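Enquirer: Read off the chains here:
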Amino acid sequence: MKFVVAVKQVPDTAEVRIDSERGTLIRDGVPSIMNPFDTYALEEAMKWRDELGGVVTVITMGPPQAESVLKEAISMGADDAILISDRAFAGADTWATSHTLAAAVKELGDVDAVFFGKQAIDGDTAQTGPSVAASLDWPQITFVGKVRQLSQNSITAERYVETGTQVVRSELPVVLTILKDANVPRVPSLRGKMKSRKVQIPVWGLADLALTEDETGLNGSPTKVVVTATPEPRTGGQIHEGSTEELVAKLADLLLGEGSEG
Amino acid sequence: MSGFLEIKDSCTGCGICVKTCPVHALSINDVKKAVVSEDCTLCSICVDSCPFESLAVHHSFGGNKEELAKYSGILVLCEMRNGSPDRSTYELIGEARKLSAGEKEVSVLVITDDASGAVEKLIQSGADKVIKAVHKSFKHFSTEPWNSVLTHVIKEYHPEIVLAAATTTGRDVMPRVSKSLDTGLTADCTELRIDPDSGMLMQTRPAFGGNIMATIVCDRTRPQMSTVRPGVMKPMEPDTSRTGEIVELEITAEMVKNRSQVLEFIPTAGDEVDITEAEIVISGGRGMKNPENFDLLHDLAHLLGGTVGASRAAVDNGWIEYPRQVGQTGKTVQPATYLAVGISGAIQHRVGMQSSDVIYAVNKDRDASIFEFCTEGFVGDLFEIIPALVKEIEKRRK
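Those protein sequences? They're chains S and Z, same order as listed.
Heads up, the first sequence is in the numbering used here, so the first residue is 1 and it goes up one at a time.
Heads up, the second sequence is in the numbering used here, so the first residue is 1001 and it goes up one at a time.
Among the hints, a few may not be true.
As the list claims (entries may be wrong) - Calculated lysine-lysine pairs in the BS3-like style (CA-CA distance at most 25 Å, straight line):
1. Z:Lys1364 x S:Lys146
2. Z:Lys1257 x S:Lys106
3. Z:Lys1257 x Z:Lys1234
4. S:Lys250 x S:Lys106
5. Z:Lys1104 x Z:Lys1129
6. Z:Lys1033 x S:Lys250
7. S:Lys250 x S:Lys180
8. Z:Lys1331 x Z:Lys1234
9. Z:Lys1155 x Z:Lys1234
10. S:Lys180 x S:Lys2
11. S:Lys2 x S:Lys193
12. S:Lys250 x Z:Lys1391
13. S:Lys180 x Z:Lys1331
14. Z:Lys1364 x S:Lys250
15. Z:Lys1234 x Z:Lys1098
16. S:Lys250 x Z:Lys1395
17. Z:Lys1331 x S:Lys146
18. Z:Lys1032 x Z:Lys1008
To be verified - Label-pair distances were calculated between CB atoms; the ranges are:
19. S:Asp214 x Z:Asp1239: 44 to 50 Å
20. Z:Lys1008 x S:Arg148: 24 to 30 Å
21. Z:Lys1070 x S:Lys198: 44 to 50 Å
As the list claims (entries may be wrong) - What the simulated footprint calls covered on chain Z by chain S, stretch by stretch (three residues with Cβ under 8 Å from a Cβ of chain S suffice, anywhere in the stretch; the number is not a length):
22. 1093-1101
23. 1140-1154
24. 1162-1169
25. 1219-1231
26. 1376-1382
No lab work stands behind these hints: they were computed from the structure.
These numbers were taken from a predicted model, which means no experiment stands behind them.
In this text, a Cβ means the ideal position worked out from N, Cα and C, and glycines have one as well.
Could you put together the complete structure from these sequences and hints?
Expert: As structure tokens, then:
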């Protein structure tokens, strides 16, 4: 079987702090990590490769330094990796990103399934997976909490939705987005780490994918960000300090709608 | 490049913007001025960072005006739960009415195996037109038929705006529609408005774990499409005197074609609470210390007819179940009253509750960030205040 896992390098949002005076993000010293949700996608692909045989190829679109997440994936057990990187790809929205990733999947050829994490923690859109499926004109199963069965020509998976679980069977090739419920990702092995140190990761750019500048990056993106701002401060109200009795009396007034005179 | 970053003469070359730029497109030149490279994505993060207001992003909005003008009205995708429209659908219709400002037609598309419980409710809640796509195979949501019906309806009716809920349904099918129609989609919006000058839909959403709010436009293509976070927009009061047009869509073989099948649907056990429906939410955080202490909040919630919520810290510690989690990775609530107990008020929590009508907070730390945005704050020990509050309310009720 030929599996592809699409991963993304993201800033660790848990480490992002706000400069309250200027109201901007402080990115200095914020570590870049593999999007945590992608580790479940990688594990799921490797789990089925181990069962059925085949290869797991990890791809990412990003700047040259995004190579580090591909090496991390190889140290965890992926077979090979491709960095999709070109100046022309910068500033892509989910349409242009998925257009580019789909071109890479087509270039790889004969892929049985593409695994994505549920969403990336920086953009939080969850749009790239389904959009790649549309580009490839493949079926998709999103929000997969459990893959029940995977064979040469079909997959049965549990999709966790608001009101319960949908059990979905689909033809291959397919695009999946994986939840953290699906598995427990393995840790990098010593052998994997050795391999990741030596491996040469190919870089595919605009020409390799036979794409044009008009359909990638900022130019190819139908949406654009026009303003970014820190969330509007909701003006703080009155802060009460005092004895427990005073505080309780005031809070009871408010909760029971009795007013301060009550 | 559609637009450019302007660096004004007031630039002092202080270098703050260089550190802020996520794509390393800025540098300081020999004469102490910022310069921008072609790596700039016009993200605007540097604009806010500049203490001298020396930076400005100028967008050139593209698009063929004649082509864009062919599109009008707003289309809402209805989501069905147990034979009726989901609450999120009413919120979308309410928001569509607000955006319409009495000028744009609001249509609702319902894809189902049985629309009998939906059409009137949709009209009473603000729909001018209901488009029914009814087929026995449309019992459970499935990507391909929903995509086919949506793309067909959009090509037929040319709405300028399409709204769907940012649920597992909306977030599954809408990106597919976006690629099928080659137009933009903005995920999980928490604020929508029409720009009075350009008439474009300004779509605002949280990113970076809620640390920033990004406003996004889709300027060259139509429709402009958004998924909208449930629990943020307000539905309108149903008006039983409203009337509307009903259109029955002819279902073609193409629309029912599907390479996936829903074999089975297993509903979640029925006793699950829905904190998004409660008028009063009392949430506990890290300060609750253990699962037993949540009984204090349950007692109070019971007295007030409310329900108990929690911060991510409390859920991650296993003190309370995940469906009660409020915030970025949990649910968004907008009750009449929100009481935060032992919650510091991190941004990830705040984005899930800041639309509440009033927010009260109890925390022993005077510097907790929750006190910066609550309506009224109470500095004290929750283990003294909450039991005493329960007694006080019981006493007053006697």
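Enquirer: Any hints from earlier that this structure breaks? Give me their numbers in increasing order, please.
Expert: 1, 3, 4, 6, 7, 9, 20, 21 and 22
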